[in-house]
Every structure is written in C-alpha cells, then in structure tokens.
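Asks: Read off the chains here:
2 protein chains.
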Amino acid sequence: MSDLPKRVSLREVGPRDGLQNEDPIPTAAKIDLIDALSETGLRRIEAVSFVHPRAIPQMADADEVWSKVRRNDAVRYSALVPNRRGLERALAAGFTDLEVVISASDTHNRENINRSTAESLDALPELTELAHGSGATLQLIVSTAWGCPYEGEVPEERVLWVAGRGVAAGVDSLVYGDTTGMATPTRVVRLVGETRSAHPELPLGLHFHNTRGTGLANLYAALQLGVDDFDAAVAGLGGCPYAPGASGNIATEEVVSMVEDMGVETGVDLDALLDVAEMAERFVGHAAPSQVLRAGPRSRTVPPSS
Amino acid sequence: MSDLPKRVSLREVGPRDGLQNEDPIPTAAKIDLIDALSETGLRRIEAVSFVHPRAIPQMADADEVWSKVRRNDAVRYSALVPNRRGLERALAAGFTDLEVVISASDTHNRENINRSTAESLDALPELTELAHGSGATLQLIVSTAWGCPYEGEVPEERVLWVAGRGVAAGVDSLVYGDTTGMATPTRVVRLVGETRSAHPELPLGLHFHNTRGTGLANLYAALQLGVDDFDAAVAGLGGCPYAPGASGNIATEEVVSMVEDMGVETGVDLDALLDVAEMAERFVGHAAPSQVLRAGPRSRTVPPSS
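Line by line, the protein sequences are chains A and B. Numbering follows our numbering, with no gaps: position 60 of the first sequence is 469. Numbering follows our numbering, with no gaps: position 162 of the second sequence is 571.
These are computed hints drawn from the structure, not numbers from a lab. Because the structure is a prediction, the values reported are computed rather than measured. Take these hints with a grain of salt, some might be off.
Each pair may be met inside one copy or between any two copies, as identical chains are not told apart.
Stated by the list, open to error - Think about it this way: if two alpha-carbon atoms lie no more than 25 Å apart in a straight line, the pair counts; the simulated SDA-like pairs of lysine to any residue are:
id, residue 1, residue 2
1, Lys415, Asp680
2, Lys477, Asp637
3, Lys415, Val601
4, Lys415, Glu669
5, Lys415, Glu565
6, Lys415, Glu562
7, Lys477, Val576
8, Lys415, Arg599
9, Lys415, Gln633
10, Lys415, Pro564
11, Lys415, Val673
12, Lys415, Thr595
13, Lys415, Gly602
14, Lys477, Gly503
15, Lys415, Val598
16, Lys415, Glu603
Work the whole structure out from these sequences, hints included.
Replies: Structure (structure tokens):
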C-alpha cells in the first residue's frame, strides 16, 4: 500500500486511439473534444496521428485539427507516427512530443504498417535521430505487449527484445500497449519487473485496454510497482476492431475516480472530465463503456424513497 | 505474487442478485439458467431468495424454481432471506445454506427491509438458532460495506460493528457486499485487514459490483491478501437500481478468465460458462456488461487479412 505513487501522470488518448476506432466524426468535433479535455486538468493529450488517410480515414484531417486546437500552455500535446513520412509531417506541424508504435508480434505489425517487427526496429535509429535533430522527443509504444489478436500469446522475451532495440536506438521513453486487453495483473508485474531490471533508467508508461475487463486491475498492479504514467481515453472511447461491442481503452474518468479515492493524485477535475465524457459520447453517437459515466462519481447519492 | 491463493471458490449469484435487478423472466428460464450453471464446474450457486413478492416480484416463484431445479450433487445451492419468515420458507423448501443480508447503513437497510441496522442485528441470534437447529448454516452478508447509495460514505467502524454483532450471534461466515461499486483496492485492503484482525477464524467472502469499473481491481487486491471466496454473476447480470445502465455484479466469466490466467484455479470451464452467459443475455433481452462475453477468452484469435 505504501508503495503507491503519490501522483500519476495520465495521457489522454481518446482523440487519437479512441477516435481511430470509431466511425469518423467531424473535424470541428475533434477540435472541441481536444479543447475541452485540455481544460480538465489533464496535462498530456495524444491529439492526432499522422498516418496514411487510406489506412486510417479517421485521422485524415490531422493537420487541420492540430492547426485549430486552442493550445493550452499547461498541456503537452503529442502525435503518433507510423514511419518516417508520418514523423516528418508531425515535425512540420510543430509537434515536439512524438510516438512511434511497433507491434511486438510480427503479424500485427504487418497488418498495421506492412512490415515485420524487425524491419520497423531497423528504421528506428533514423527516426530517433530525425526527432532529436528537430528538438523533439520520440517515445516507443510497443503494442501487443501482452498478446496479439492474430498470434495469441506473445513471448515476454520478444517484448523485451523490442524494448531493448528501442533503447539502443535512443528513444526517450517506452510504453507497453495491451492492444486487445490480454494482460492480467501477474503478467503486468512480470513484464514491468523484467523491463526495469534491464533498463532501470528508462521512463516506462503503460497503456491498457479494458477488452476483457481487467484494465483497472492491471493498472492497480502497476501502481503497486510504482508505475506512475498511464494512457487512458475519455469515456472509454474506441472499442476493439477485433471484437465488436467490446471495450476500448480504459476510461480516463474510471482511472481518476479509482486512484484519487486511493490517495493518488491525478490533477484532473473529475466532474469536468465527466462533462467531456458526455460530450465525447454524444460525438460518437453510441453508449460509451465508461462505468463512471453511467454511475457517476462515488460521491453521488440518491434520495431514499421515504 | 506468491501470496495469491492456489484456488478460489466462486459463488454464482446471477440467478438471485442478478435476476433480482432485471425485468422478471419466466420461471422456466430461471430453472434452465440454474441447471446450466450447475454443469460448468461452479460449486456454489445462490439460487433464489425468499422475500415478499410485493418487495421483489422477480423472486415470487422461488419455491417453484427450487422445486424444479435439477440438483447437481456437486453443487451447494443457497438461498437469501431477509428475515425470520423468509428463513422459515427457505428451511421448509429444504435449503441448508442460508444467507441473511443486513446493510451497514441504516437508510439502505430501512429501504430494503423497513428496519434499522440495529433492529436487524437484534433479530440475528434467533435466526442463527433457527438455522442451526435445522442443520443449516447461516451466512451474514453485510451490504453497503464500502458505501451507501443514500448516505454516501459508510464508516469502517460501523461495518466492523455489524460484523462483530454477526459473530456474536453465531453466524457461520461473513460476506462484505459492495452494493453499488463504491469500493477501491485500498478500501478493500483496509476493511479485510481490520476484519481479520478482529475475527481471525471467521470465513470471509467478498461480493463486488462493477458499478464504477473497479470490480476486478478490488478482487485482485483481495486475492493478494489470500481471500479465496468471491461472489460473481454470469454475464454480469443485474445492473444497478440506482444508476440506470451501470454494471451489476462482477461477471463470473471475467473473474474466471482473469484469475485462471494468473494461475489461480476456479474449477470452472470458461467455454461452458460463456455458453451460459449467452443464454443469460438472451433471457434478459439486452446486452450484458460482461467484456469477456463480448471479446471471448484470451485464447481467441482472428485470422489476419492477408
């Protein structure tokens, strides 16, 4: 219990990872969503990705979205890039916090960017150099870190190999993504432990999906190890492309509600965030999976009948 | 990690706690549900409650349901009772595993059974005597143990007072119920720790709702303390009467999926349970909140596109 961090830093990924897995919404709605999120106390927002519009039409307007967002100086906005072309676009748009995603499983990486994991890793030093040369940081997000929707189990050694190649390429930080909610607490404890043993100085964040209901259990397991850097998506936006109807990212308001009650500060105003979650739900046009959005904060009471 | 129990005992509460919070379903469907659950490897099923049909019309056919259930000798079936009248009906029906529920918060107890918590506790020794005199066991379920939808916070001292009165009255075991999903892991750790200090020999089970998404995180916190007795409802049946659209009990298949992956045995066949979860969803006629029902077990893979 005493090992829990006093504070965690949340990165809001609803506008990118969330919306990427929803039917496209209007550009103006994306801008409104990012602007509203930036006023909730969240200090990091993944705003857009620079990917090919044929691959991900939901992000085709990334340049326009970013040019019209009302920048809050207290917020760090990041962009996800799949390759050198995307990274150049992100730099040209003025982003200084960049993320490149590589899947630990070959099949998933090929499906995403038509390359093997090793081929993506081979290109990583050039991307890092390019980012650093422009004064930007580059984070490596390792997706399918706890399992792959195509291959099933992904050996931990393979994930550690990808992480090690990232470190060797000079990335500034690492995030493990549980792309389809295959992590469970013991797996989190093992992979975080092994990664820290290998790379004790490397900043490590975790990105959980709630596809099988384990999102907050995994986050609690990580908190107990002192991990203080997590991704989450407002309203639990996003779903899962491999399982219609299943949940997407862990919901930011569920994380805030749980960890603040445990004495772990997030800096986020839960009521303000719930207003944005309602807005997000309206934009995507269907019930979002966030339970706190349905039930309200713990402090909500109802009048007795008599 | 090494503190996790090798095995947990799950009590399936979908037929009672789940269906009590759904629109009434036909008697034959209830019987089919219980019979199907009894073939999944689950060893305890809360089958019915003996409550006044005006209070809970969903359980008005308890006697008929129980008389027609195909009893599996490997399964212990239990019944919930609110008072002496219900307990007598349960004994007359042949139940030998009985549960009485008392809310830690006065307002919730009054709303449920029109008595203060203290008045319910005063009646408890008589109920215990009656149960034991008929060769039955009586479990005390303390609801609103981590918060009350009417009163908000419920002091831990009050929960411990209720538990202590139960022990003094001779109950055979104790379950804490997180009636509206207000528990978080640190609260679970505190209450379980204090209860064990006070009553080290008392069998203690936990009953979580996923109303605010924390159900499996709370369960993981309890597992780390060695708790090995949990309630759960197939498909996550039940919802929350105070928050339309919110989740009910933690879903049995989510629990099985997570803890089996962590090396904790349940004795339950996950595939068989998922078939029953589909049946349960069909019976209640709306999408159930179970994520594993949507996404399938961790082992489910999809073919790549190329």
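Asks: For the identical chains here, do Lys415 and Asp680 meet the 25 Å Cα criterion within one copy, between copies, both, or neither?
Replies: Within one copy only: 21 Å inside, 41 Å across.
Asks: Which holds for Lys415 with Val601 at a C-alpha limit of 25 Å: within a copy, between copies, both or neither?
Replies: both (19 Å within a copy, 23 Å between copies)
Asks: Between Lys415 and Thr595, at a C-alpha cutoff of 25 Å, which is it: within one copy, between copies, both, or neither?
Replies: This pair counts as both: shortest intra-copy Cα distance 23 Å, inter-copy 13 Å.
Asks: Evaluate Lys477 and Gly503 at a C-alpha cut-off of 25 Å and name the case that applies: within, between, both or neither.
Replies: Answer is within: at 13 Å inside a copy they meet the 25 Å cutoff, but 70 Å across does not.
Asks: Between the shortest in-copy and the shortest cross-copy C-alpha distance, which are at most 25 Å for Lys477 and Asp637: within, between, both, or neither?
Replies: So Lys477 and Asp637 fail the 25 Å test inside a copy (31 Å) and across (53 Å) alike.
Asks: Please work out whether the CA atoms of Lys415 and Glu603 approach to 25 Å or closer within one copy, between two copies, in both situations, or in neither?
Replies: both (23 Å within a copy, 24 Å between copies)
Asks: With identical chains, the pair Lys415 and Glu669 could be close in the same copy or across copies; at 25 Å between alpha carbons, which is it: within, between, both, or neither?
Replies: within (10 Å within a copy, 31 Å between copies)
Asks: Since the copies are identical, ignore which copy is meant and state whether Lys415 and Pro564 lie within 25 Å (CA to CA) inside a copy, between copies, both or neither.
Replies: between (32 Å within a copy, 24 Å between copies)
Asks: With identical chains treated as interchangeable, where does the CA-CA distance between Lys415 and Gly602 reach 25 Å or less: within a copy, between copies, both, or neither?
Replies: The answer is both: 20 Å in one copy and 22 Å across copies each meet 25 Å.
Asks: For Lys415 and Glu562, with the copy left unspecified, which applies at a CA distance of at most 25 Å: within, between, both, or neither?
Replies: between (34 Å within a copy, 23 Å between copies)
Asks: I want to check one pair: Lys415 and Gln633. Are their C-alpha atoms no more than 25 Å apart within a copy, between two copies, both, or neither?
Replies: Classified as both: same-chain Cα gap 11 Å, cross-chain 21 Å, threshold 25 Å.
Asks: At 25 Å max between alpha carbons, let me know whether Lys415 reaches Arg599 within a copy, between copies, both or neither.
Replies: Both ways: Lys415 and Arg599 sit 23 Å apart in one copy and 18 Å across, limit 25 Å.
Figure legend: structure checked against the earlier numbered hints; hints not met, in rising order: 2, 7.
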